[in-house]
Each structure stands twice: as C-alpha cells, then as structure tokens.
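Visitor: Sequence:
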Amino acid sequence: MITCYIKYVIKPKQLAEFERYAKMWIPLVEKFGGTHNGYFLPSEGASNIALALFTFPSLAEYESYRNRAKDDPECQAALVFAEQTDCIESYERSFFRPVLG
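For the sequence shown, our numbering begins at 51 and goes up steadily by one.
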C-alpha cells in the first residue's frame, strides 16, 4: 500500500475554487482504483496550505492511474479548471507506506 501526500500552496482568495477542484478529483482517484482519504483545507494557522491524501494498493497501481489519467477527459477538465481559476500556486508530492500493528 502506498499513500500519496500532496501539499498545495493555494491562493486564499481562491479557496472556493480550490475546494471545487478538490471535489472533482475525489471520484477520479476512486475511478482509477485508489481510495481518496480527503482534501484538508486551511482552518487555523496558515491560510495558504491545503493537503490531499489518497492511497493505492501499490506504487505500480498509482503509476497506472497517472498514465490513464493523462487521457481521461474528466481529469483533463479538472486540470484546466485549476489553470483557469489560478487557485494553486504550487504543490509537492510525496509517498508514504504505512506501519501497521
């Protein structure tokens, strides 16, 4: 199992647009075999940081999702929406594996 952690630097005045973008991706990750663990929007503290977590059974399955998403019209529409609304300044992606009891 591999969990993708994405840290976004967002534009606080575009929070509603970013939330709409986030809601677009949740079913798309699931469409391609992942489990979306949610987006986390600013509440207290920094107003320009948002997070996303989603899990795939393996890194290979995550890579398959990325390859298939490139040609998916819904995925492309979500990317275009983010670009048009300019709600994301930058992001960084990291991968984690769980340690379970």
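Don't read these hints as lab results, they were simulated from the structure.
The reader is advised that the hints may include incorrect statements.
[Stated by the list, open to error] Mimicking BS3-like on lysine-lysine, the simulated pairs with C-alpha atoms at most 25 Å apart in a straight line are:
1. LYS73 <-> LYS61
2. LYS120 <-> LYS73
3. LYS57 <-> LYS120
4. LYS81 <-> LYS120
5. LYS57 <-> LYS73
6. LYS63 <-> LYS73
7. LYS57 <-> LYS81
Visitor: Take the hints in turn and mark each one as holding or not.
Guide: Evaluation of the provided hints:
1. Distance restraint check for LYS73 and LYS61: the Cα-Cα separation of roughly 17 Å lies within the 25 Å cut-off, and the hinted pair is therefore satisfied.
2. Taken as a hint, the LYS120 and LYS73 pair is honoured in the structure, with Cα atoms around 18 Å apart against an allowance of 25 Å.
3. The straight-line distance between the Cα atoms of LYS57 and LYS120 is roughly 21 Å, inside the 25 Å bound, and the hint therefore holds.
4. With a CA separation close to 14 Å, the supplied pair LYS81 and LYS120 stays within the 25 Å bound.
5. A threshold of 25 Å between alpha carbons decides the hint, and for LYS57 with LYS73 the separation of about 16 Å falls inside it, so the pair holds.
6. Under the criterion of a C-alpha separation no larger than 25 Å, the hint pairing LYS63 with LYS73 is consistent with the structure, at around 18 Å.
7. With a C-alpha separation of about 22 Å, the suggested pair LYS57 and LYS81 falls inside the 25 Å cut-off, and the hint holds.
Every hint, counting from the list given before, is met by this structure.
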